[in-house]
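Chemist: Listed below, chain by chain, are the residues.
2 protein chains.
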Amino acid sequence: MEEINNIEVVPCTDSEYLKPLTVHYNQNGTKKSWDYMRTHDSVSVLIFNTTSHCFVLVKQFRPAVYMCEWERAKSQPAKAAAAAEKKEEGAAEVSEAQAGASSAGEGSSEWPPACAGVTYELCAGLVDKPDLTLEEIARQEILEECGFDVPTSKLKRITSYRSGVGVTGAKQTMFYAEVSDDNRVSAGGGEPKEGELIEVVKIPLHEAMTFAYNERIPKTMGVIFSFMWFHNNMAPRYKISTNV
Amino acid sequence: MEEINNIEVVPCTDSEYLKPLTVHYNQNGTKKSWDYMRTHDSVSVLIFNTTSHCFVLVKQFRPAVYMCEWERAKSQPAKAAAAAEKKEEGAAEVSEAQAGASSAGEGSSEWPPACAGVTYELCAGLVDKPDLTLEEIARQEILEECGFDVPTSKLKRITSYRSGVGVTGAKQTMFYAEVSDDNRVSAGGGEPKEGELIEVVKIPLHEAMTFAYNERIPKTMGVIFSFMWFHNNMAPRYKISTNV
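Respectively, the protein sequence lines represent chains A and B.
Numbered according to the numbering used here, the first sequence terminates at residue 244, and the numbering increases by one at each position without gaps.
Numbered according to the numbering used here, the second sequence terminates at residue 244, and the numbering increases by one at each position without gaps.
Note that these hints are calculated values from the structure, not bench results.
Any given hint could turn out to be false.
The list treats identical chains as interchangeable, and a pair is accepted whether it falls inside one copy or across any two copies.
What the hints assert, rightly or not - In silico DSSO-like links for lysine-lysine, alpha-carbon gap of 27 Å or less:
{"id": "1", "residue 1": "LYS154", "residue 2": "LYS32"}
{"id": "2", "residue 1": "LYS32", "residue 2": "LYS19"}
{"id": "3", "residue 1": "LYS156", "residue 2": "LYS202"}
{"id": "4", "residue 1": "LYS154", "residue 2": "LYS129"}
{"id": "5", "residue 1": "LYS19", "residue 2": "LYS31"}
{"id": "6", "residue 1": "LYS202", "residue 2": "LYS154"}
{"id": "7", "residue 1": "LYS154", "residue 2": "LYS19"}
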């Protein structure tokens, strides 16, 4: 149960994380400009636990998602309240294995409930250590966020693509990692010193596609895409019929 | 052939498009802060032409992607040059139906070739017109970007998800639209008055999955995800074996 309150929004003039830049250029002889942000590439990992036949995801409160819902609530007050209510029901329905996230912030008539900003995601991290390979960074994230120690040789590259092509254009590389209960070395949950408050959640394989397409549960496209990739490419090995 | 030159990067202090904000809040009693950006939700559309059995994508020069490659070239000069070379080969290999994008900017020893910033994407647009439904916005984008006039009743909602959960957290909704040559009313290409220089490209259905997983061709995850979705959900109707 996330408890979010005392919310205050201020302009951000000199951020350590967001550094807007403008690039001026000529495209086919026409002068153009574009505002963008420098950012790091990233890796994400679809983790499948072969002991419990569950996917391992992370769930966390995302301030940017929450503020987006707050904006929506301001512009469409009735719709947004109904949607938030449905979302809580939806999250509770899907799986007993998932801890529900809810609880309203102070002044809930104005601020949406905290669950509106809680997002299900693949285990992921920024490529901000130039000495490490993508596989080594992925391995570290699996360990820190989800508590499994997996050798890099067991990571299978799924593919790579561009994210946020309008603003950041960073490259994301997605991996697949099979783990078992034997690889478990800690509870995961991220690095508290980095301010991470990550909950590790299990999605049973037989519920995965229902979860993926349940729009009441906020999630990234990476979750939906990778579940479908698994069903097409890995499920036959586990003698599971693909129902996508 | 995109020609990009006279590139200049400057700090962006007061952008019309990028407005960084900071939110201060209490999470479970702990004081936290997060820098984020307000942005619009968006829609994207997987377009399938039933006359030619091709997917219809858009291809455009994305300054943010290009600058990302420039950063990479600076930090890994040898690797990036090799990758850019491979990328051009890759783009040429995949399909004759796709026009290749290349050509180096001025000072090509420092700047990557323009093709490093040219990205294949689903037809898409921002949800910035409060009076229109998501379907109506999707319909407008299909018309403006790709030149097909499709009634909103023919749009099938695939799903929705969160993008850029760290920075923007916006909601993206993906649709599927079947078009035929009879729906074609213009060449598409975007709104020149909005500075859009969009090339409409066709990806033949039988090449789609090879295209999707060719990492040498810069593309968004939406392209890969939606092609796979089509193969799982729509291809049987066209008597096509799914090879994903």
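Chemist: Indicate, hint by hint, whether the structure satisfies it.
Modeler: For each hint, the structure was consulted:
1. For the identical chains of this complex, LYS154 and LYS32 are neighbours neither inside a copy (45 Å) nor across copies (36 Å), given an alpha-carbon limit of 27 Å.
2. Taking identical chains as interchangeable, the C-alpha atoms of LYS32 and LYS19 lie at most 27 Å apart whether they share a chain (20 Å) or sit on different chains (20 Å).
3. Taking identical chains as interchangeable, the C-alpha atoms of LYS156 and LYS202 lie at most 27 Å apart only when both belong to the same chain, with a minimum of 20 Å there against 30 Å between chains.
4. In this assembly of identical chains, LYS154 and LYS129 lie within 27 Å of each other by CA distance solely inside one copy; the values are 21 Å within and 47 Å between copies.
5. Within a single copy, LYS19 and LYS31 get their C-alpha atoms as close as 23 Å, and across copies as close as 23 Å, so both meet the 27 Å cut-off.
6. In this assembly of identical chains, the alpha carbons of LYS202 and LYS154 lie at most 27 Å apart only when taken from the same copy (20 Å versus 37 Å across copies).
7. Within a single copy, LYS154 and LYS19 get their C-alpha atoms no closer than 36 Å, and across copies no closer than 41 Å, so neither meets the 27 Å cut-off.
In summary, the numbered hints that this structure violates are 1 and 7.
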